[in-house]
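If you're matching them up, the sequences are chains F and L in order.
Take the first sequence: its letter number 479 is residue 485 in the working numbering, and every next letter is one higher.
Take the second sequence: its letter number 90 is residue 505 in the working numbering, and every next letter is one higher.
The set of hints was computed from the structure by calculation and includes no laboratory data.
Among the hints, erroneous ones may be present.
[Said to hold, decoys possible] Below, simulated SDA-like cross-link-like pairs (lysine to any residue); rule was C-alpha separation at most 25 Å, straight line:
#: 1; chain 1: L; residue 1: Lys742; chain 2: F; residue 2: Phe159
#: 2; chain 1: F; residue 1: Lys472; chain 2: F; residue 2: Lys202
#: 3; chain 1: F; residue 1: Lys202; chain 2: L; residue 2: Trp834
Being a predicted model, the structure only gives us computed values, none of them experimental.
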Amino acid sequence: MVAAAGIPMYDIPFLTVGGGMGSFVTLDYLRIYGVPTSQMRVVSNIDHPWQTYEFLTRCSQIPRGERIRSDSSSRPDNLWGFPSYALEEAWKEKKLSYLWQILTEPLLNDYWTPRAGTVFKNLEREAKRINYWDMLVKGQVRMVRRRAGGGYFTVVTPPDGAAATKRIIFRSRFVHIAIGYPGLKFLPDLQEFRTKHGDYQHVVNAYEPHEQVYEFLKTRPGTVVIRGGGIVASRVLQRLFDDRERHGLQTQIIHIFRTFVSGSHGPHIWARRKGGDGWAYQGFNYPKSVWGGQLKAQMRKLEGTERAKKYKEMGGTNTPYRRRWQEQMRAGRSGGYYHPVQGTVDRVEHSQDGRLVSYVRSSDGIVREPVSDYIIDCTGLEADIAEHRIFADLLQHGGAFRNPVGRLEVERHFEVKGTANGDGALYASGSATLGGYFPGVDTFLGLQIAAQEIADDLAGRGFVKKMGPLRSTSQWFKWAFNSSV
Amino acid sequence: MTDQGFGVVRPLPGNGLVAYVGGLLLVCDAAEAVVEDLLGALRETAASGGDGRSLARRVAQILAVVIGEPVACAVAGPVSGGVAVLVSGPAFAAVTGAAGEIQLAGRDALTWSDRLVPGPVTRVELSLPDAGAAHPLSRLDAGVIVAGGVWCDLTEVGAAPQAMPRMEPAAPQVQQAPRMEPVAPAPTPMPVPPERPTSPEWSAPPESAPPAPYPLGPADPYPPVIAPPPMEPQPQAWHSEPHPGASPQGPMPSTGPAPAMVHHEEVHHEDIDTAMASGMGGDPVDVRDQPFEYELLTPGAAEPPGPAPNSGAEPEARPLVYGVDCKNDHFNDPRVPYCAVCGIALVQRTLVPYKGPRPPLGVLLLDDGLTLRLDTDYLVGRDPERAPEVADGSVRPAKVTSPDGSVSRRHLRVALDGWDVNLVDLGSVNGTQIQPPGDPNFYDIPPNEPVTIMPGTTVRIGVSRTMRYESHRNR
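Bound conformation, chain F alone (with noise of 0.2 Å):
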C-alpha cells in the first residue's frame, strides 16, 4: 500500500528518533555492541546530539565554562564511566583538588560536577568515534506505526529539497523513540500575559534565552520575582547573587516557593530528605539507591497505583546543596535582598508605572502583590507526553498507554507496552518514560541504563552479540585510544 502510494521507502533495520542525547547514548552502546553503521539511522532535525541540551543548560545559566548542576554519575560518551569526568579534568587541568574533592564529597565538599564545556567536548569526540554522522537523517518524524508482517513504518519529513517526495518511510524491525520533552512548560498565567500585552522580554522562562534581565540589572536598580524551587531556580538565583557581587548591583529577590520545604522532611527515619529555607535539598538527582541499591530493587517489582506512590515518597522538586551557594542565600536574607516567601500566583498584571505586579495567595491566605521589573519562571521543563505528536499517536493508534504517574509505560527492558509487532520491538527511553520499573531515567545514568536493556534485549533477539567481558574490555581500549569501534 505505501508502495503503491508512490512515497520512497527505504528498509533499515534499526531506527532511532530524536537525534539528541538519549538517540546519542543507544546508538553509541549498540556500536560499541558491534552493530555496523549501514544497519542504523537516526531520524532528527538538530544538528549535534547535544544541541538540544547544550541549548537548555546555556539558558538555564550554566554556558559551557560553567559546572554543570546536577550529579555525574556516569558520562554519556563513556558506557563504562572511567576515567570520570572528575578524573579527566584533574589529569588536564592538572589540579588534584578535584580529586580531592570527590574524596571528601558530601561531608567536607559539595559534589564534584563536570564543567559544561567538558561534557559537550567529549559527546562530540564520541560522536565522531561512532561515526555518528554517517547514520543521521534530517527530518521531522512525523507518527511511527506498526506494519503488517511485523516492523514499524517511520513517516518521515525531509527538509525542503532534501528529497524528491515530501514524505519518505522508513521500514524497521526496531524502533526506539528518545524525543525528550514536548517542550518548555510555561505557565498559563505567563502565557496570558505574553499574548495579552504582547511582552516576551519582562515575563520570563528560565529555560529560553533571557540574557536581557541580567543586562538590565547591570544598569540599574531592579526587582526580579523567582518562581520555582528546583535545580534551574537555584543556578538563576546564583547568576543574581553572583552578577550582584561582581558588579556591585543592588538587585532585590523575591523567591516564590509553591511547596515551601522548611526542614528536613520525608516519611521515616531511613527516608528523611534535608531541606530549608523553602528548598529540598538532594546531593544527586535521586537517591544513590535508584542506581543500585534496595529502590532500584523495590520499583522493579511494583506497579500501578504503588508504583506512582513510591514515585511521590522519593520525588518532588529537590535541588543539589551547595555551599557557596547557601552562603549567598544567607548573605542575602540576612542583608534584606533576597525574599523567599511562600504561595501560588493567581495572576500578573502590570502596574500603574509599567512595572509587573503578582498576585501572591500563601497558605495561610495572606495575599501578598509583590512589584517587580522582571519574573522568570523556573517551573520546568514538564508538558503532558500527548502534546508530542509522535507519542499522542502512538497513544491513539500504536496500543501504547501511560504509566502510573502519566507518562509512556515501558517494560524492564523500556520496550513500550502495547506495542510489539510480530519480531519487532519499539523502545522508549527519556524523561517520556519517567513512571517506570526503574526511576531515574531522565539523567546521564538513566540514558545508560536504559541503553544497555535494550541492547542486551536487541542481542537476545540476535540482532546483535552479547557483550563480554573481553569484548568490552578491548572496546574500552578503543575508547581510551579514541580509535573507532
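Got chain F; can you put chain L on it based on the hints?
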C-alpha cells in the same frame, strides 16, 4: 522665524497641492513626479527649524535633479528681513514688500526664479495657472490640502480676520501695511547676522546644504520652537521604569560640541531662540493644538496620536512576515526551537510558513537601562524627534545623548526586516560599532548599509554610549 508664518493664509481653489507647514508655504501641481520630494523638503525644513532660505535651497536641489522639466511649484518662507520665494514652471508668485509688489513667474526663467523680498512684507500670493479666487472666509492654519494656490495677508497675524480689505489676488497695488508691527521684523535690532545680506538674487544649491539623510516620507512637521524637553519614548509602552539620567542634556542640542554636519542648522535654532527671547515672532501659533502636528512622546503626555502601542493593545498594523504556528497556533519565528508563547517544541511540527503579524523581536537595552521593545523601527540619535519618518510614525525616536557630544542628531536607524534586526548608520560623525556576542572586539559598521546583528550584540553609538540587543529568540 518660521513661527511667524504668513498671517492669514487663504487657499485658492484649484487642483494642485498646497502645504503650509511650520510657517513655510509650498504650492505645486499634484501630478508632478517630485511632489513627494517637495513635500518632504518642506517638512524637513520645517522640522529642522529652517527658514525660507533653507526651504528654497532644498527645493532647488530637487528641481536641479529634474532640470529640463518645468515643475509647477512655488515656495515661500520668511527669512530675517523679508520673505524668500522660489517659483518654477507655470507657477506664479507675487510678494508685496517695502519696495512694492514683485511678481515672479517660473516661465520667465530658464531654470527657476527666486527672490529675497525685503520686508516688511504685507502680502504673498503663490498660485498655479488654474487657481481661482480665495473665499474671504476660507483659512488654512497648517496642513496639506488640494488647492490651486494660496493668498496670504501678513497684516492679519494669527487673529480671526476682522476685515478683508483686499480680495483681488493679483491686484498690483503697492501699499504699506497699516498694522504690521508684530510681523515685520526686518529692521529691528535682532542679533542675527544675515550671512547673505539682502542680496536680491541668490541661487541654490549652496555647497553646505546638508544632504537629506533619510528617505523623505510623507511626514508631518515638527515645529522646533515648541520642542518639549527631552523625549523619552512612551514609558508605558515597552519599558517599565523611570529614566533618571537618561538625558543629561537639555532639550536643545546646545551642549557639547556639535558635530560639524549639523552645525548650520543649529544656527537657526539659535535664531529662533533669540527671536523668541526678544519677543519677536508675533503670536506664534501653538501648533500643538493643531491636529496636523506631530506630538512629542513625553512621559505623562497625552497618548500620542501616532503609532503608540500601549501596554494593553496590540500594536495595530504590525508588519506581516513569514512565520510558523506552533501546535497551539502561536505565530513564531520559523528558526526558533520552542514557541515564544507557550514553550512547546516547534521541531515536532511540519512547519508550513505563512504570513502573519510579527511579534516583538526582542529588546534594545541602553546602558542607562532604557528598554526599547523591538516591534518597530527606531531612529537613534541625539535629536531624532524631528526626522520626518519619526513624525509620520513609521519610526519611533530613541533619544540618546552623551556628555561628549559624540552621538549625532540622527545617528543610527534600527530597522526590522522580517525576523532580523538591522543597524543602519546614518552617516554619523563618530560612527557606530558592534561587538558580536562572544567577541571581545568592536567593529565599525559602514554608513548607510544595513548590518544584521545577532542577539547578545553590543552596539556602541558614537564614543561613549552603548546598547545591547537581546532576544528570547536567541538560538
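Hints versus structure:
1. Under the criterion of a C-alpha separation no larger than 25 Å, the hint pairing Lys742 of chain L with Phe159 of chain F is consistent with the structure, at around 23 Å.
2. With a C-alpha separation of about 58 Å, the suggested pairing of Lys472 of chain F with Lys202 of chain F is violated against the 25 Å cut-off.
3. Simply put, Lys202 of chain F and Trp834 of chain L have alpha-carbon atoms about 21 Å apart, close enough for the 25 Å limit, and the pair holds.
In summary, the structure is inconsistent with hint 2 from the numbered list given earlier, while agreeing with all the others.
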